[in-house]
Amino acid sequence: NAGVMQNPRHLVRRRGQEARLRCSPMKGHSHVYWYRQLPEEGLKFMVYLQKENIIDESGMPKERFSAEFPKEGPSILRIQQVVRGDSAAYFCASSPPGVPADNEQFFGPGTRLTVL
Amino acid sequence: AQSVTQLGSHVSVSEGALVLLRCNYSSSVPPYLFWYVQYPNQGLQLLLKYTSAATLVKGINGFEAEFKKSETSFHLTKPSAHMSDAAEYFCAVTRNSGYSTLTFGKGTMLLVSP
Chain A
574 NAGVMQNPRH LVRRRGQEAR LRCSPMKGHS HVYWYRQLPE EGLKFMVYLQ KENIIDESGM
634 PKERFSAEFP KEGPSILRIQ QVVRGDSAAY FCASSPPGVP ADNEQFFGPG TRLTVL
Chain W
3 AQSVTQLGSH VSVSEGALVL LRCNYSSSVP PYLFWYVQYP NQGLQLLLKY TSAATLVKGI
63 NGFEAEFKKS ETSFHLTKPS AHMSDAAEYF CAVTRNSGYS TLTFGKGTML LVSP
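Going down the list, the sequences are from chains A and W. Using the working numbering, the letters of the first sequence map in sequence onto residues 574 to 689. Using the working numbering, the letters of the second sequence map in sequence onto residues 3 to 116.
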């Protein structure tokens, strides 16, 4: 059973460009979470999605950031008009159906975004 | 609201010595608590979790943690450090019911010297 997959592993963008980060959850998992890790910081929650629904986006910046988890295909975290402060590691996690609190979140290897 | 405080951004031990990584939490409701390990350029791997069963939780790689409600602590220990334990360790908390996101501490880097 393959783990959570994220691509690309490394992404370099110039200021003003768009960044698209992809996450394929583990097979059978229907909950997806995105976290951001800044240098010297722990992971910060950004958004929680189930298939075709955003459940909680309280950690997402109000502008330029969006996320989706379509019926088919991976979850996408999109950052428009990137700025240097967006440089970070972005981690995706997934968990199986059921009560989220009872279920372990399995993390992907992350995408390291560098904005030049 | 929930929060996690990890005391010490870096902890250094000698190989074979006791490992103690501290975690204190704040939660207005009964919590679930987790320890994750992150190796360089990798994602997080779950070491162990407390979900209101036994207060002493055993995890992978010889680690264990004890939930102490009176001290609001969930410290991680290992009797004898190994070189391969060198990594960053994160404590996290969530509510024990319904939906809740994970709230992470800032992490503790464990350095193991020969």
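To be clear, the hints were calculated from the coordinates, so they are not data collected in a lab. Quick caveat: nothing in here was measured; it's all calculated off a predicted structure. C-beta atoms are modelled at their ideal positions from N, C-alpha and C, and glycine is treated no differently. One should not assume that every hint holds.
What the hints assert, rightly or not - No farther apart than 27 angstroms at their CA atoms in a straight line, the calculated lysine-lysine pairs in the BS3-like style are these:
hint : chain 1 : residue 1 : chain 2 : residue 2
1    : W       : Lys108    : A       : Lys600
2    : W       : Lys71     : A       : Lys617
3    : W       : Lys51     : W       : Lys108
4    : W       : Lys108    : W       : Lys71
5    : W       : Lys70     : W       : Lys60
6    : A       : Lys635    : W       : Lys70
7    : A       : Lys635    : A       : Lys600
8    : A       : Lys600    : A       : Lys617
9    : A       : Lys600    : W       : Lys71
10   : W       : Lys70     : W       : Lys51
11   : A       : Lys600    : W       : Lys70
12   : W       : Lys71     : W       : Lys60
13   : W       : Lys51     : A       : Lys617
14   : W       : Lys70     : W       : Lys108
To be verified - Derived CB-CB ranges, DEER-like:
hint : chain 1 : residue 1 : chain 2 : residue 2 : range
15   : W       : Glu68     : A       : Gly576    : 39 to 45 angstroms
16   : W       : Ser14     : A       : Gly589    : 41 to 47 angstroms
17   : W       : Glu17     : A       : His583    : 31 to 37 angstroms
Do the hints match the structure? See the list:
Annotation: proposed proximity of Lys108(W) to Lys600(A) is violated, straight-line Cα distance about 30 angstroms (limit 27 angstroms). Between Lys71(W) and Lys617(A) the alpha-carbon distance is near 25 angstroms, which keeps this suggested pair within the 27 angstroms criterion. Between the alpha carbons of Lys51(W) and Lys108(W) the distance comes to roughly 18 angstroms, so the proposed pair stays at or under 27 angstroms and holds. About 21 angstroms separates the Cα atoms of Lys108(W) and Lys71(W), which keeps this hinted pair within 27 angstroms; it holds.
Of the supplied pair hints, the one linking Lys70(W) and Lys60(W) holds, its CA atoms being roughly 15 angstroms apart against a limit of 27 angstroms. A distance of roughly 38 angstroms separates the Cα atoms of Lys635(A) and Lys70(W); the hinted pair therefore is violated under the 27 angstroms criterion. At most 27 angstroms may separate the alpha-carbon atoms for a hinted pair to count; Lys635(A) and Lys600(A) exceed this at roughly 31 angstroms. Distance restraint check for Lys600(A) and Lys617(A): the Cα-Cα separation of roughly 25 angstroms lies within the 27 angstroms cut-off, and the hinted pair is therefore satisfied.
At roughly 36 angstroms between alpha-carbon atoms, Lys600(A) and Lys71(W) are farther apart than 27 angstroms, so this suggested pair is violated. Between Lys70(W) and Lys51(W), the direct Cα distance comes to roughly 14 angstroms. Compliance with the 27 angstroms bound is thereby established for this hinted pair. Straight-line distance between C-alpha atoms of Lys600(A) and Lys70(W) comes to about 36 angstroms, which puts the hinted pair past the 27 angstroms bound. For the proposed pair Lys71(W) and Lys60(W), the alpha carbon gap of about 17 angstroms is at most 27 angstroms, so the pair holds.
Proposed proximity of Lys51(W) and Lys617(A) is supported: the alpha carbons are some 19 angstroms apart, at most 27 angstroms. Our distance criterion of 27 angstroms between C-alpha atoms is met by Lys70(W) and Lys108(W), whose separation comes to about 21 angstroms. The supplied range of 39 to 45 angstroms is broken by Glu68(W) and Gly576(A), whose beta-carbon atoms lie about 29 angstroms from each other. At roughly 43 angstroms, the beta carbons of Ser14(W) and Gly589(A) sit within the given window of 41 to 47 angstroms.
Between Glu17(W) and His583(A) the Cβ separation comes to about 33 angstroms, which falls inside the hinted range of 31 to 37 angstroms.
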